[in-house]
Amino acid sequence: MAKERSTASQGIDITRALRDAVLTGLLAFVLFLPLIGFQTITDMRGNLVLNTRWGLLFSIVAVIAGARLAYAVLLAPWLSQRKLRPVAVTPSPWRDFLGKWIIPFAIGFAIVYPFVVVGTVGFGGAVKWIDNFGIQVLIYVMLGWGLNIVVGLAGLLDLGYVAFYAVGAYSYALLAKEFGLSFWILLPLAGILSSFWGILLGFPVLRLRGDYLAIVTLAFGEIIRLVLINWVDLTNGYAGISGIPRPTFFGIPFNANEDGFAAVFGLEFTPVYRTIFLYYLILALAFLTAFVTVRLRRLPVGRAWEALREDEIACRSLGINTTNTKLTAFATGAMFAGFAGSFFAARQGFISPDSFTFLESASIVAIVVLGGMGSQVGVAVAALAMVGGTELMRDLDFLKAIFGPTFDPTQYRMLLFGFAMVLIMVWRPRGLISTREPTVFLKERKTISADLVGQGHG
Amino acid sequence: MANAGDILLRVEHLTMRFGGLVAVDDLSFEARQGDITALIGPNGAGKTTVFNCITGFYKPTEGRLGLRHGSPAVWDGLEALTDSGRRSMTHGDGALFLLERMPDFLVTQQARVARTFQNIRLFPGMTVLENLMVAQHNRLMLASGYTLLGVFGVPSYAAAERAAIEQARDWIERIGLTARADDPAGDLPYGAQRRLEIARAMCTDPVLLCLDEPAAGLNPRESAELNELLLTIRNDHGMSILLIEHDMSVVMEISDHVIVLDYGVKIADGKPDAVRNDDKVIAAYLGVADDEVADVEAEVGL
Chain H
15 MAKERSTASQ GIDITRALRD AVLTGLLAFV LFLPLIGFQT ITDMRGNLVL
65 NTRWGLLFSI VAVIAGARLA YAVLLAPWLS QRKLRPVAVT PSPWRDFLGK
115 WIIPFAIGFA IVYPFVVVGT VGFGGAVKWI DNFGIQVLIY VMLGWGLNIV
165 VGLAGLLDLG YVAFYAVGAY SYALLAKEFG LSFWILLPLA GILSSFWGIL
215 LGFPVLRLRG DYLAIVTLAF GEIIRLVLIN WVDLTNGYAG ISGIPRPTFF
265 GIPFNANEDG FAAVFGLEFT PVYRTIFLYY LILALAFLTA FVTVRLRRLP
315 VGRAWEALRE DEIACRSLGI NTTNTKLTAF ATGAMFAGFA GSFFAARQGF
365 ISPDSFTFLE SASIVAIVVL GGMGSQVGVA VAALAMVGGT ELMRDLDFLK
415 AIFGPTFDPT QYRMLLFGFA MVLIMVWRPR GLISTREPTV FLKERKTISA
465 DLVGQGHG
Chain D
2 MANAGDILLR VEHLTMRFGG LVAVDDLSFE ARQGDITALI GPNGAGKTTV
52 FNCITGFYKP TEGRLGLRHG SPAVWDGLEA LTDSGRRSMT HGDGALFLLE
102 RMPDFLVTQQ ARVARTFQNI RLFPGMTVLE NLMVAQHNRL MLASGYTLLG
152 VFGVPSYAAA ERAAIEQARD WIERIGLTAR ADDPAGDLPY GAQRRLEIAR
202 AMCTDPVLLC LDEPAAGLNP RESAELNELL LTIRNDHGMS ILLIEHDMSV
252 VMEISDHVIV LDYGVKIADG KPDAVRNDDK VIAAYLGVAD DEVADVEAEV
302 GL
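In order, the protein sequence lines correspond to chains H and D.
Going by the numbering used here, the first sequence opens with residue 15, and the numbers climb by one from there.
Going by the numbering used here, the second sequence opens with residue 2, and the numbers climb by one from there.
Be aware that one or more of the hints could be misleading.
[What the hints assert, rightly or not] Which chain D residues face chain H? A few, computed with CB under 8 angstroms, are given here:
# : residue
1 : T109
2 : M127
3 : E131
4 : R170
5 : E223
6 : A225
The hints are simulated quantities; they were obtained by calculation from the structure and are not laboratory data.
Built from N, CA and C at the ideal position, the CB exists for glycine as well.
Generate coordinates for the entire structure from the input sequences, incorporating the hints supplied.
Structure follows, in C-alpha cells:
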C-alpha cells in the first residue's frame, strides 16, 4: 500500500519535473540568447560583424535544463526526506573538545608556522609560503578584526574601511621617506592619524543609518583614493611611492652587509629572515587587535557599542552619549586599519592607490559578514578561507591542463567570493559563527543564539 | 495640599506642536518628591508626548520643565536660571535643571531622570545582567578612566565593576529573575521583560522614574506584582515615579496623584478618588456621563 502510494507520487513528480526542466530551459534560452547566442566581433577589415554561437548556447541551455531535472528527480526528494527525519541533537564529546582546543591550537600553529614552512620546503620556497600566504592572510585577519569593531560590535556598516588602511600606509610611507623616522615611531603615529580620519568621517555620518551610512562611507573611501591619485605633489599619483624604508630588527637592518641581521647573529644571509620577522610583526599586531577587542568588549565602552547595535534609543534613555560611542567605534576600528596600513607599506616597500580600491573594502566586509558579525574566530576562519584560498588557487596549475594554458585560476577569485557568499547566505545566513558570547555572567556563560542578537541599523 | 517645597518636577505651560497638530496644549502640573504621579487619558491624549518632552527625546515648542535635586531652596533660583540661558545650576546642597534645554542622554546622565518605553526597548541579544550593566555605563566609564585605564586592567576598575555587578544582582533578585540572570533578555516572558526594563532604568540611579505604560499587556497577576514592585521602589528608595497608565487597577491602587489629559489639555488634577468621580474625566473616557446617555440616545433617535 505504502509502496503504491510512493510510486504514484513518483509518477506525478516526473511529469512535474519535466515541465519544470523545460520551463527552466526556456528561461535560460531567453536569458542567454542575447548574452551568449550572439557575439559581436571585429573582422580583419575593422567591420563589426554579428557572430552566432548556437552550439554553445544550446549546450548551456541543455546543461541547465538537465541539472534542473536531476535536481527535481534526485535531489529534491532526498532533501525533503531528510527534512522529515528527526534531528538528533547529541552532544558529541568530539565537538566539545574541538570548541575548547581550537583557539589555543590555532594560536600555537600561527606561532610555529614559519618554522614548519622552513622545515618542510627549506629556505628556498619559504618566502612564498610565509609572505604570500601567511602574512597576506594575517593582514586580512587583522583588517577583519578591526572592521569587526565597527560592523560587528557597533552595528555601523562601513563600506569605506580601506580608506583608513590607505591613510596608515601613506602616513608611514611619506613620514618615513621625508623625515626618516623609524617604523616603531610611525606605527603608533599612523594609527593615530587613521583614527583622526575615522573621527572626521564619523562626525558627518553620525545621523545617518542603514543604507545611507553605507553609501556615505563608500563615498569616503573613494574620496580618499581619488585624493591619493590626484594630489600628485604629495603622493606621486598613480605612480605611487617606492623605496619605502623597510622595518629593522630594533635597529639592525635585514641585509647582506656586515652590520645586517644575518652577520650580527652569525647566520648565513637569506631574505627569509626578514620575511619571518615581518610575519611575527603582523602576527603580534593581529594579536594586539584581538586582545584589545576582547578587553574593550568587557569595558563599558564595548558594552555600549553592543547596546547601540541592539537599540540606539534605549541607549540614549540610559544616559549613554551615542555620538561619542559611535565616534570611538569608528576611531578604534580606523586605528587598527592604520596599524595594518603602515605594516603593509613597510612590507611592500611600494604603495600606490591601486592597493586601496573599493574591492578591498568589499573583501574586508565580506570577510566580516562571512565569518559572522562580532565573532573573532569566525572572522579569522573567513579570512583564512577567502585570502588563503585565493592564494592557494595560484598553485592549481593542473587546471591549465583542463581549461587550456590561458586559464588563470586567480581570475575567478571574485566569482568564488560571490559563490561562497551565496552558499553561506543559504546555509548560515548570519555567518559562520553567529552566536554571541556574553561579556559578563553571574553563574554560567551561556551562548546567545543569533536570532536574538541585533544586526545594527547600518 | 503639601507645600511647594516637596515639588520635584515642575511642568509649566508645556506646548508641543507637530506642524499644525497641537499634541500638548499649555499643560502645567507638578510632581512631588516620593509620590507616584499618574498621567492618564484616552488614546492620543498626548501622554507619551509629555514623557518625550520631559526625557529630552522631543524639544518642546514652548514651556519650562524644572527639576530639582536636593534642597527645595533651589526653586528660588528658577527665574534666574531661566534668564541666564544655562541648562542647570547648583545652589548650596541642591541643583536645578531645565530639562527642555537638555539633550536626551544628559537628562538621564545629569538630571537623573530615567524612563521606560511603551513598547519594551531592552537589548534583546544581551543577557539580563548585561542589560543592567549597560545602565550603569556612566559610572563605569568614569571608573575605567574613559576606557584608557580599563584597557590596562587597573584594579580600581575591577572593583567598580564588581560593585556594579552586585547592584545588578540585587535588582535581578528583586524582580525575581535570579534563575535567568545569564539568559538573553529577548528570551524572557513579556512580564519579566517589563520588570527588567524598570530595573534597568533604576540602575541608572535616577531621582525621577518615568514609566510609560508599565502594565500594558500584563495579566492581572503580573499587574499585581508590578504594583508591588513600584510600591517597593517608592517606599524603599524614596523614588518619585511618573507613570502613564491605562490599567485603572494600577492607577487607582498605587498613585498618590493623578493628572488627566484629553486632546493635549489637562482636564483634571488631584487625588485618585477625586479624579475617578470627575464628570469631565468620565465624559472623556466614556463619551458622556451616564445620566446624559438617555438624552443623547433620544437625539440620535434610538
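Does D/A225 meet its interface restraint, that is, does its C-beta lie within less than 8 angstroms of any C-beta in chain H?
-> Where the cut-off is 8 angstroms and the nearest Cβ of chain H is about 26 angstroms from D/A225, the hint is violated.
Agreement of hint D/E223 with chain H interface, Cβ distance less than 8 angstroms = 22 angstroms, violated
Interface hint compliance - D/R170 to chain H, C-beta minimum distance less than 8 angstroms = 6 angstroms, holds
Agreement of hint D/T109 with chain H interface, Cβ distance less than 8 angstroms = At about 3 angstroms, which falls below the 8 angstroms cut-off, the nearest Cβ of chain H leaves the hint on D/T109 intact, so it holds.
Interface hint outcome for D/M127 [beta carbon to chain H under 8 angstroms] = Constraint on D/M127 satisfied, holds at 6 angstroms.
Hint status (Cβ of D/E131 to nearest Cβ of chain H, threshold 8 angstroms) | The hint holds - D/E131 has a Cβ within 8 angstroms of chain H, the shortest such distance being about 6 angstroms.
The structure fails hints 5 and 6 (numbered hints given earlier, in ascending order).
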